[in-house]
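Work out the full structure: start from the sequences and follow the hints.
Protein chains: 4
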Amino acid sequence: MAQIGFIGLGNMGGPMAANLVKGGHHVRVFDLAEAALEAATAAGCEVAESAAAAAQGAEFVITMLPADKHVQAVYLGDQGLVQQLTAGTLAIDCSTVSAATARQVHEAFAARGIDFIDAPVSGGVGGAQAGTLTFICGGDAAAVERAHVVLEHMGKNIFHAGAAGAGQIAKICNNMLLSVLMVGTSEALQLGIAHGLDAKVLSDIMAKSSGSNWTLDVYNPCPGVMTNAPASRNYEGGFLVDLMSKDLGLAQQAALASGAVTPMGALTHNLYRSWSVLGHGRKDFSSIFNLLEAKQK
Amino acid sequence: MAQIGFIGLGNMGGPMAANLVKGGHHVRVFDLAEAALEAATAAGCEVAESAAAAAQGAEFVITMLPADKHVQAVYLGDQGLVQQLTAGTLAIDCSTVSAATARQVHEAFAARGIDFIDAPVSGGVGGAQAGTLTFICGGDAAAVERAHVVLEHMGKNIFHAGAAGAGQIAKICNNMLLSVLMVGTSEALQLGIAHGLDAKVLSDIMAKSSGSNWTLDVYNPCPGVMTNAPASRNYEGGFLVDLMSKDLGLAQQAALASGAVTPMGALTHNLYRSWSVLGHGRKDFSSIFNLLEAKQK
Amino acid sequence: MAQIGFIGLGNMGGPMAANLVKGGHHVRVFDLAEAALEAATAAGCEVAESAAAAAQGAEFVITMLPADKHVQAVYLGDQGLVQQLTAGTLAIDCSTVSAATARQVHEAFAARGIDFIDAPVSGGVGGAQAGTLTFICGGDAAAVERAHVVLEHMGKNIFHAGAAGAGQIAKICNNMLLSVLMVGTSEALQLGIAHGLDAKVLSDIMAKSSGSNWTLDVYNPCPGVMTNAPASRNYEGGFLVDLMSKDLGLAQQAALASGAVTPMGALTHNLYRSWSVLGHGRKDFSSIFNLLEAKQK
Amino acid sequence: MAQIGFIGLGNMGGPMAANLVKGGHHVRVFDLAEAALEAATAAGCEVAESAAAAAQGAEFVITMLPADKHVQAVYLGDQGLVQQLTAGTLAIDCSTVSAATARQVHEAFAARGIDFIDAPVSGGVGGAQAGTLTFICGGDAAAVERAHVVLEHMGKNIFHAGAAGAGQIAKICNNMLLSVLMVGTSEALQLGIAHGLDAKVLSDIMAKSSGSNWTLDVYNPCPGVMTNAPASRNYEGGFLVDLMSKDLGLAQQAALASGAVTPMGALTHNLYRSWSVLGHGRKDFSSIFNLLEAKQK
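Chains as they are written, first to last, in our numbering: chain A, 59 to 355; chain B, 59 to 355; chain C, 59 to 355; chain D, 59 to 355.
Simulated from the structure, these hints should not be mistaken for laboratory data.
Misleading hints may appear alongside valid ones.
Same chains, same names: a pair is fine if it fits in one copy or spans any two.
As the list claims (entries may be wrong) - Straight-line C-alpha distance at most 25 angstroms; calculated DSS-like pairs for lysine-lysine:
hint, residue 1, residue 2
1, Lys-304, Lys-266
2, Lys-258, Lys-214
3, Lys-266, Lys-127
4, Lys-127, Lys-214
5, Lys-80, Lys-214
6, Lys-127, Lys-80
Right, dumping it as structure tokens:
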């Protein structure tokens with residue numbers, strides 16, 4: 059049983075902290091939202107007055123924050139955790155942020171001899187609640203190994219992608235690829251539908267052929283093909299267009315920083331931005347299927 | 059044991075006919091190339107003087123031809139099979155051609171009351187030799203059902219995609235999607251590599267995450283990641299850039315004909331055409347990985 | 059004063075025929091729509107019972123039809139003009155159709171020794187009414203030269219693009235490029251606007267710099283920048299999204315037929331098809347500006 | 059006659075400083091390269107020991123530096139000019155850098171009450187030598203007005219794009235648009251050529267039609283069409299692919315920062331990066347014409 063500080067109790071962080079309590083750990087939490095703190099209390103967490111207070115004396119500090127600026131503020135700002143923590147602590151940032159920010163925090167921690175890993179997740183709110191998230195970690199192998207004891211209560215897959223920032227890079231590579239799978243699958247299905255094919259039949263054929271991919275297996279974008287997919291409930295819930303768009307923006311940032319050539323990643327980014335501008339930002343990202351509907355002749 | 063006429067003995071058709079002989083059928087063949095006929099004789103086929111002679115009295119006629127114009131000539135030209143065949147025969151066209159051509163032949167056969175199905179394949183030369191092709195069929199359900207007895211000697215998966223032409227449409231939908239998977243996977247791997255990640259580690263992470271797709275499973279485009287993939291033998295053999303480019307052209311034709319919106323399919327088509335113009339048409343299609351190499355800063 | 063047969067009296071053909079009458083020619087017309095014939099009569103044309111009757115004994119026959127199938131029917135169908143006309147006549151097709159159809163008609167005419175040119179126009183309904191169209195001609199130089207005497211009453215620029223079908227190719231090259239100018243200009247203006255720049259100021263700067271292009275000169279897509287542009291009257295009138303989309307489809311057909319690499323032309327085609335599917339097909343094509351609006355952060 | 063400090067004497071800055079001397083100003087210069095200082099001496103400039111020394115007591119300070127990091131170092135670093143200059147000086151940064159960097163420097167200067175404008179140029183080395191550059195300025199109107207007295211010796215067009223950073227934004231908007239014009243024009247010409255049209259004839263037609271744009275007027279990408287264009291001298295000289303690629307990267311950075319939707323700008327960026335990776339970075343940017351060559355059927 060470890061002492062854990064947990065900062066950031068949103069839709070993801072809240073259930074993650076609750077799962078740590080269920081796993082037998084003592085969890086001291088902080089968030090700016092009063093309601094989030096109340097829910098955490100109900101789940102058995104101890105509430106702290108500040109991020110620093112939550113982290114005080116903890117063996118592990120976990121952060122789950124919305125964007126780069128929050129991570130920079132919590133770790134590197136005035137009263138930032140890098141000033142508060144001591145060498146015995148392992149800090150784990152589960153936020154999805156730019157690799158540049160991840161590396162910046164890594165360097166600040168390294169300079170003070172404290173362990174830090176970037177560990178963004180995939181699996182969404184459902185995975186956070188069920189404790190079945192995937193963690194994609196960047197940092198020293200020993201530090202990633204050490205994190206297992208807490209991560210395993212929140213997820214079922216823990217990957218070590220490489221050195222500092224590699225977790226963030228691997229996550230956005232995956233999500234950029236996911237967006238390509240989704241748009242490509244949508245185009246193929248719409249092309250088939252435009253020629254009179256049944257979407258379910260075509261999906262089955264491609265799923266057993268070289269077109270096979272994750273979206274055909276578990277997340278078909280065409281309404282009615284999969285009962286449990288967001289497409290069959292009006293694209294509600296799931297992984298929002300705006301969140302995919304954010305991740306694709308991080309991917310393009312990383313591409314610009316490294317000179318990577320990503321014509322398809324750039325195109326899906328623009329398609330998702332357009333789709334959001336057109337008013338669909340709060341729908342599941344498989345709703346892009348509708349942007350690709352065939353034009354009636 | 060059926061009497062089969064087989065027309066078109068190229069890299070695909072030759073081994074397909076041989077597998078029918080192995081399956082116990084009597085196969086009468088025709089091709090314009092003398093060498094192909096000799097190989098077929100060695101494999102136990104009977105050689106005919108013309109397409110019409112090969113088809114004469116056959117229960118099944120199978121064609122495996124390079125492009126639309128050959129299919130139109132063999133079926134609909136002067137002395138075309140549609141004039142020669144009688145109602146008891148089932149004609150099976152395994153060529154990859156436009157859905158428009160497939161429908162045109164279907165209509166001509168329907169007008170004369172003879173069964174015809176379009177049945178393009180995937181699986182390549184290796185699949186043709188091993189008898190493990192996938193057939194994607196379009197036409198009446200009864201006719202597709204009837205074809206099983208011969209197709210099962212040449213392949214292991216037989217799909218019924220829908221009505222006349224649906225086999226061609228489903229195949230190009232699948233191959234358009236495959237091109238998207240390949241380019242998207244290549245971009246993601248190159249982005250990771252540009253940030254110092256190991257391609258094998260990143261591939262493994264994405265293969266177990268939502269980026270999972272056929273290319274990561276069996277056809278990784280990065281040299282060295284999979285010993286058996288074309289990428290690890292200098293992109294030799296496999297599915298040629300020029301053949302993928304041909305199929306993507308058919309997909310774009312189908313998109314134009316139906317008003318389908320395919321921004322990614324159009325982009326991969328242009329990338330593959332460029333890659334061919336740049337001199338890589340005879341390499342495996344996973345070689346597009348090299349077009350997406352990061353620019354050194 | 060020449061005897062002219064004119065077939066196809068739509069929004070374009072009607073005023074074109076009227077301008078020929080004003081130019082002193084005798085014009086015998088045919089159209090399927092009764093209202094169009096009445097308007098033509100009011101404009102001084104003589105009405106015929108059929109296309110063949112309109113063409114009977116004419117020195118020049120001009121056609122202005124919606125799409126390939128109409129051109130094929132009028133020229134090559136049963137009772138097609140190619141059967142009716144005699145060697146002294148010059149047939150001028152002003153429709154915008156595929157180069158393949160244009161070449162097909164050229165060949166049929168050449169086989170019978172009758173002159174034919176493809177002469178698609180640009181300039182829209184306004185240009186047709188004002189007699190200021192641009193004609194882009196394909197065919198023999200002598201035939202194009204001979205056409206001047208009638209074309210000059212309907213337009214002010216007459217180009218000879220090359221041999222049979224070259225008029226159609228040059229027109230779709232131009233319109234594909236125009237779509238690229240429009241989308242590119244819209245993106246640049248939206249990027250500036252998203253950073254607080256004034257669209258008018260930015261337009262003026264680019265119009266005097268290397269970004270200079272026709273849309274900045276006379277057809278600015280941002281509302282308010284140019285009083286007379288469609289953008290300043292809610293994108294009404296002008297060159298419709300659906301017509302641009304049709305021309306871009308012809309361009310992509312020509313690209314497929316020739317193996318041309320057109321990544322941008324393919325992208326604008328898909329953007330315009332999407333824009334039409336989203337319900338904007340009857341707006342001016344500069345309305346694509348709104349699809350490219352910046353996403354609010 | 060003003061006292062001017064000039065920092066950065068590369069291919070652009072060297073001739074710009076020389077033109078100021080010709081204009082009757084006293085110019086004190088600094089650069090890290092000895093050869094550049096010698097050339098400047100020969101042109102009549104006075105050499106200083108450091109950037110600070112060059113700026114000492116100057117009425118105007120002009121910088122022409124390669125990239126963001128240099129601008130940040132010279133203005134904001136230890137011993138940065140923002141610390142050295144006094145309220146009477148006007149600092150003019152002619153470098154092409156990100157709008158974010160421009161705004162950062164603006165803010166630092168505003169905090170100390172010193173005038174600063176961003177004033178990136180277009181016109182290339184030729185324009186710098188001839189004194190015919192275009193300056194695109196961002197900052198207070200009064201400061202831009204005040205800059206005229208020096209800028210007019212180096213250029214012939216001086217635009218005021220808007221507030222701080224607007225000069226940089228307007229420049230990259232223009233160059234993003236320019237890349238789109240170049241690729242779009244190349245595609246249109248290649249499509250025409252693939253159908254047998256003469257590139258010169260097609261260029262003339264489009265230049266007089268709605269496809270009209272700067273590249274058709276003065277910078278045709280097809281070899282032989284314009285004697286003086288880089289295309290007719292093997293794409294040597296001119297505006298390098300790598301420089302266009304840099305500007306397109308800045309445009310994409312600006313798009314990411316603002317949520318702008320730029321599918322075409324993103325595509326041209328990737329095409330230019332690919333073209334550079336393929337070994338053409340040091341050629342003129344019109345050489346992209348060759349990437350778009352039609353595939354032989």
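- Please flag the earlier hints that this structure goes against, numbers listed from lowest up. Of the numbered hints, 3, 4 and 6 do not hold.
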